[in-house]
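Okay, so the sequence shown: first residue is 1 according to full-length UniProt numbering, each after it adds one.
The set of hints was computed from the structure by calculation and includes no laboratory data. Since we're looking at a predicted model, the values are computed, not measured. It is possible that some hints are incorrect.
Said to hold, decoys possible - No farther apart than 30 angstroms at their CA atoms in a straight line, the calculated lysine-lysine pairs in the DSSO-like style are these:
1) K173 x K117
2) K117 x K100
3) K214 x K179
4) K117 x K195
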Amino acid sequence: MVEEQDHPNNNDKPRARTDGVEEELEEGEIIGGGDDETSSSAKPARAVSHPLEYSWTFWFDSPAAKSRQTAWGSSMRPIYTFSTVEEFWSIYNNIHHPSKLAHRTDFYCFKHKIEPKWEDPVCANGGNWTMGISKAKLDNSWLYTLLAMIGEQFDHGEEICGAVVNVRARQEKIAMWTKNATNEGAQVSIGRQWKRLLDSNESIGFIFHDDAIKLDKGAKNKYTA
1 MVEEQDHPNN NDKPRARTDG VEEELEEGEI IGGGDDETSS SAKPARAVSH PLEYSWTFWF
61 DSPAAKSRQT AWGSSMRPIY TFSTVEEFWS IYNNIHHPSK LAHRTDFYCF KHKIEPKWED
121 PVCANGGNWT MGISKAKLDN SWLYTLLAMI GEQFDHGEEI CGAVVNVRAR QEKIAMWTKN
181 ATNEGAQVSI GRQWKRLLDS NESIGFIFHD DAIKLDKGAK NKYTA
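Using the sequences plus the hints, can you model the full thing?
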(Lines of atoms letter the chains of each structure in order from A; the text may use other names.)
(Lines give C-alpha, C1' and ligand atoms only; values in the text may rest on other atoms or scores of the structure.)
Protein backbone atom coordinates (compact mmCIF):
# COMPACT_ATOMS: atom_id res chain seq x y z
CA MET A 1 0.00 0.00 0.00
CA VAL A 2 1.25 3.43 -0.88
CA GLU A 3 1.74 5.82 2.02
CA GLU A 4 -0.63 8.79 1.87
CA GLN A 5 0.75 12.22 1.00
CA ASP A 6 -1.60 15.14 1.44
CA HIS A 7 0.75 17.93 0.45
CA PRO A 8 3.82 16.78 -1.50
CA ASN A 9 6.68 19.25 -1.58
CA ASN A 10 10.12 19.61 -3.01
CA ASN A 11 11.58 17.44 -0.24
CA ASP A 12 9.45 14.44 -1.28
CA LYS A 13 11.07 12.48 -4.07
CA PRO A 14 10.07 9.49 -6.20
CA ARG A 15 12.20 6.40 -5.93
CA ALA A 16 14.16 7.13 -9.09
CA ARG A 17 17.37 5.36 -10.06
CA THR A 18 20.20 7.40 -8.65
CA ASP A 19 23.01 4.85 -8.51
CA GLY A 20 26.36 6.50 -7.98
CA VAL A 21 24.92 9.86 -6.96
CA GLU A 22 26.34 11.27 -3.75
CA GLU A 23 24.06 12.06 -0.83
CA GLU A 24 22.57 15.57 -0.94
CA LEU A 25 24.08 18.24 1.28
CA GLU A 26 21.94 19.85 3.92
CA GLU A 27 20.71 23.37 3.24
CA GLY A 28 23.49 25.86 3.92
CA GLU A 29 26.20 23.20 4.13
CA ILE A 30 29.42 24.02 2.27
CA ILE A 31 32.28 21.98 0.92
CA GLY A 32 35.35 21.95 3.06
CA GLY A 33 35.87 22.80 6.71
CA GLY A 34 38.62 23.04 9.28
CA ASP A 35 40.27 26.31 10.33
CA ASP A 36 38.79 29.76 9.76
CA GLU A 37 41.03 30.50 6.78
CA THR A 38 39.94 27.36 4.94
CA SER A 39 36.28 27.82 5.83
CA SER A 40 36.15 31.44 4.76
CA SER A 41 37.45 30.62 1.29
CA ALA A 42 35.17 27.65 0.70
CA LYS A 43 32.49 28.00 -1.98
CA PRO A 44 28.83 26.98 -1.56
CA ALA A 45 28.13 23.41 -2.67
CA ARG A 46 26.45 22.92 -6.01
CA ALA A 47 23.03 21.28 -5.72
CA VAL A 48 23.07 17.57 -6.49
CA SER A 49 20.87 16.50 -9.39
CA HIS A 50 19.19 13.07 -9.50
CA PRO A 51 18.73 11.97 -13.14
CA LEU A 52 15.81 9.78 -14.13
CA GLU A 53 16.11 6.74 -16.37
CA TYR A 54 14.12 8.54 -19.08
CA SER A 55 13.12 12.11 -19.85
CA TRP A 56 9.37 12.73 -19.66
CA THR A 57 7.01 15.31 -21.15
CA PHE A 58 3.71 16.64 -19.81
CA TRP A 59 1.03 17.22 -22.46
CA PHE A 60 -2.19 19.19 -22.06
CA ASP A 61 -5.49 19.04 -23.95
CA SER A 62 -8.04 21.62 -22.76
CA PRO A 63 -11.82 21.68 -23.34
CA ALA A 64 -11.58 25.10 -25.01
CA ALA A 65 -8.97 23.87 -27.49
CA LYS A 66 -10.97 20.71 -28.23
CA SER A 67 -14.07 22.75 -29.11
CA ARG A 68 -12.16 24.49 -31.90
CA GLN A 69 -10.70 21.32 -33.42
CA THR A 70 -12.20 18.54 -35.52
CA ALA A 71 -9.38 15.97 -35.66
CA TRP A 72 -8.78 14.00 -32.46
CA GLY A 73 -5.46 14.86 -30.86
CA SER A 74 -4.88 18.02 -32.88
CA SER A 75 -5.40 20.22 -29.82
CA MET A 76 -2.80 18.44 -27.65
CA ARG A 77 0.33 20.38 -26.85
CA PRO A 78 3.52 19.60 -24.92
CA ILE A 79 4.08 21.96 -21.99
CA TYR A 80 7.02 20.74 -19.87
CA THR A 81 9.85 18.22 -20.20
CA PHE A 82 11.88 17.01 -17.23
CA SER A 83 14.85 14.68 -16.79
CA THR A 84 15.63 14.79 -13.06
CA VAL A 85 13.82 14.26 -9.77
CA GLU A 86 14.28 17.92 -8.90
CA GLU A 87 12.81 19.11 -12.21
CA PHE A 88 9.78 16.89 -11.72
CA TRP A 89 8.96 18.33 -8.29
CA SER A 90 9.62 21.88 -9.48
CA ILE A 91 6.98 21.40 -12.18
CA TYR A 92 4.52 19.29 -10.19
CA ASN A 93 4.39 21.70 -7.25
CA ASN A 94 3.59 24.64 -9.53
CA ILE A 95 0.80 23.26 -11.71
CA HIS A 96 -2.88 22.54 -11.08
CA HIS A 97 -3.54 18.99 -9.93
CA PRO A 98 -6.26 16.96 -11.69
CA SER A 99 -9.05 17.74 -9.19
CA LYS A 100 -8.64 21.45 -10.03
CA LEU A 101 -8.82 21.02 -13.81
CA ALA A 102 -11.94 21.72 -15.88
CA HIS A 103 -14.14 18.87 -17.04
CA ARG A 104 -13.11 17.34 -20.39
CA THR A 105 -9.45 18.14 -19.71
CA ASP A 106 -6.87 15.47 -20.56
CA PHE A 107 -3.45 15.71 -18.92
CA TYR A 108 -0.66 13.39 -20.06
CA CYS A 109 2.82 12.38 -18.95
CA PHE A 110 4.69 10.40 -21.62
CA LYS A 111 8.28 9.45 -22.23
CA HIS A 112 9.97 12.24 -24.15
CA LYS A 113 9.55 12.05 -27.93
CA ILE A 114 6.56 9.68 -27.65
CA GLU A 115 3.35 11.50 -28.58
CA PRO A 116 0.18 10.40 -26.73
CA LYS A 117 -1.56 9.34 -29.93
CA TRP A 118 -2.51 5.97 -31.35
CA GLU A 119 -0.67 6.89 -34.55
CA ASP A 120 2.67 7.42 -32.82
CA PRO A 121 5.07 4.67 -34.03
CA VAL A 122 5.88 3.60 -30.46
CA CYS A 123 2.21 3.48 -29.43
CA ALA A 124 0.76 2.05 -32.65
CA ASN A 125 0.97 -1.62 -31.62
CA GLY A 126 0.13 -0.99 -27.99
CA GLY A 127 -2.87 -0.63 -25.75
CA ASN A 128 -3.89 0.77 -22.42
CA TRP A 129 -5.09 -0.11 -18.94
CA THR A 130 -7.88 2.15 -17.64
CA MET A 131 -8.94 2.68 -14.05
CA GLY A 132 -11.92 4.66 -12.77
CA ILE A 133 -10.94 6.96 -9.90
CA SER A 134 -13.11 8.80 -7.39
CA LYS A 135 -12.72 12.56 -7.12
CA ALA A 136 -11.42 12.22 -3.55
CA LYS A 137 -8.58 9.91 -4.62
CA LEU A 138 -7.81 11.47 -7.99
CA ASP A 139 -4.84 13.67 -7.08
CA ASN A 140 -3.02 11.04 -5.02
CA SER A 141 -3.72 8.30 -7.57
CA TRP A 142 -2.29 10.45 -10.35
CA LEU A 143 0.77 11.39 -8.30
CA TYR A 144 1.54 7.79 -7.28
CA THR A 145 1.13 6.67 -10.89
CA LEU A 146 3.62 9.32 -12.01
CA LEU A 147 6.14 8.45 -9.29
CA ALA A 148 6.00 4.75 -10.12
CA MET A 149 6.50 5.42 -13.84
CA ILE A 150 9.35 7.89 -13.65
CA GLY A 151 10.95 6.03 -10.74
CA GLU A 152 11.03 2.74 -12.71
CA GLN A 153 8.97 0.82 -10.16
CA PHE A 154 7.36 -1.51 -12.72
CA ASP A 155 9.03 -4.82 -13.60
CA HIS A 156 8.31 -4.12 -17.28
CA GLY A 157 8.86 -0.37 -17.24
CA GLU A 158 10.39 -0.48 -20.72
CA GLU A 159 6.89 -1.35 -22.00
CA ILE A 160 5.30 1.81 -20.61
CA CYS A 161 4.73 4.79 -22.92
CA GLY A 162 3.03 7.04 -20.39
CA ALA A 163 -0.20 7.81 -18.58
CA VAL A 164 -3.16 10.16 -18.95
CA VAL A 165 -5.73 11.48 -16.50
CA ASN A 166 -9.16 12.19 -18.03
CA VAL A 167 -11.18 14.70 -16.00
CA ARG A 168 -14.89 14.11 -16.60
CA ALA A 169 -18.15 15.11 -14.91
CA ARG A 170 -19.37 11.55 -14.34
CA GLN A 171 -16.17 9.60 -13.76
CA GLU A 172 -12.51 10.54 -13.65
CA LYS A 173 -10.15 8.01 -15.22
CA ILE A 174 -6.45 7.31 -15.38
CA ALA A 175 -5.08 5.22 -18.23
CA MET A 176 -1.61 3.75 -18.68
CA TRP A 177 -0.40 3.26 -22.25
CA THR A 178 2.01 0.49 -23.23
CA LYS A 179 3.97 -0.48 -26.34
CA ASN A 180 3.38 -4.11 -27.27
CA ALA A 181 -0.21 -5.14 -26.68
CA THR A 182 0.39 -8.77 -27.64
CA ASN A 183 3.00 -9.20 -24.88
CA GLU A 184 0.38 -10.53 -22.49
CA GLY A 185 2.77 -11.39 -19.66
CA ALA A 186 4.22 -7.89 -19.51
CA GLN A 187 0.85 -6.15 -19.80
CA VAL A 188 -0.80 -8.23 -17.07
CA SER A 189 2.20 -7.67 -14.81
CA ILE A 190 1.91 -3.90 -15.29
CA GLY A 191 -1.83 -3.94 -14.61
CA ARG A 192 -1.45 -5.96 -11.41
CA GLN A 193 1.42 -3.85 -10.11
CA TRP A 194 -0.51 -0.66 -10.86
CA LYS A 195 -3.53 -1.92 -8.91
CA ARG A 196 -1.36 -2.81 -5.91
CA LEU A 197 0.31 0.59 -6.09
CA LEU A 198 -3.05 2.38 -5.90
CA ASP A 199 -4.47 -0.11 -3.38
CA SER A 200 -7.37 -0.86 -5.73
CA ASN A 201 -9.66 -3.88 -5.51
CA GLU A 202 -11.56 -3.00 -8.68
CA SER A 203 -11.10 -5.06 -11.83
CA ILE A 204 -9.39 -3.15 -14.64
CA GLY A 205 -9.23 -3.95 -18.34
CA PHE A 206 -6.66 -3.67 -21.11
CA ILE A 207 -7.79 -2.65 -24.61
CA PHE A 208 -5.70 -2.85 -27.78
CA HIS A 209 -5.39 0.48 -29.61
CA ASP A 210 -6.24 -1.29 -32.87
CA ASP A 211 -9.58 -2.41 -31.42
CA ALA A 212 -10.30 1.07 -30.07
CA ILE A 213 -9.66 2.59 -33.50
CA LYS A 214 -11.89 0.07 -35.30
CA LEU A 215 -14.65 -0.41 -32.75
CA ASP A 216 -14.54 2.80 -30.70
CA LYS A 217 -16.66 2.23 -27.55
CA GLY A 218 -17.43 -1.31 -28.70
CA ALA A 219 -13.84 -2.43 -28.07
CA LYS A 220 -13.60 -5.25 -25.51
CA ASN A 221 -10.98 -5.91 -22.87
CA LYS A 222 -8.29 -8.36 -23.99
CA TYR A 223 -6.80 -8.74 -20.52
CA THR A 224 -8.04 -8.03 -17.01
CA ALA A 225 -6.27 -7.55 -13.70
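Each hint, compared with the structure:
1. Proximity of K173 to K117 is assessed by CA-CA distance (about 17 angstroms); at most 30 angstroms being required, the pair is judged to hold.
2. Proximity of K117 to K100 is assessed by CA-CA distance (about 24 angstroms); at most 30 angstroms being required, the pair is judged to hold.
3. Pair hint K214 plus K179 holds up; C-alpha atoms about 18 angstroms apart against a cutoff of 30 angstroms.
4. Taken as a hint, the K117 and K195 pair is honoured in the structure, with Cα atoms around 24 angstroms apart against an allowance of 30 angstroms.
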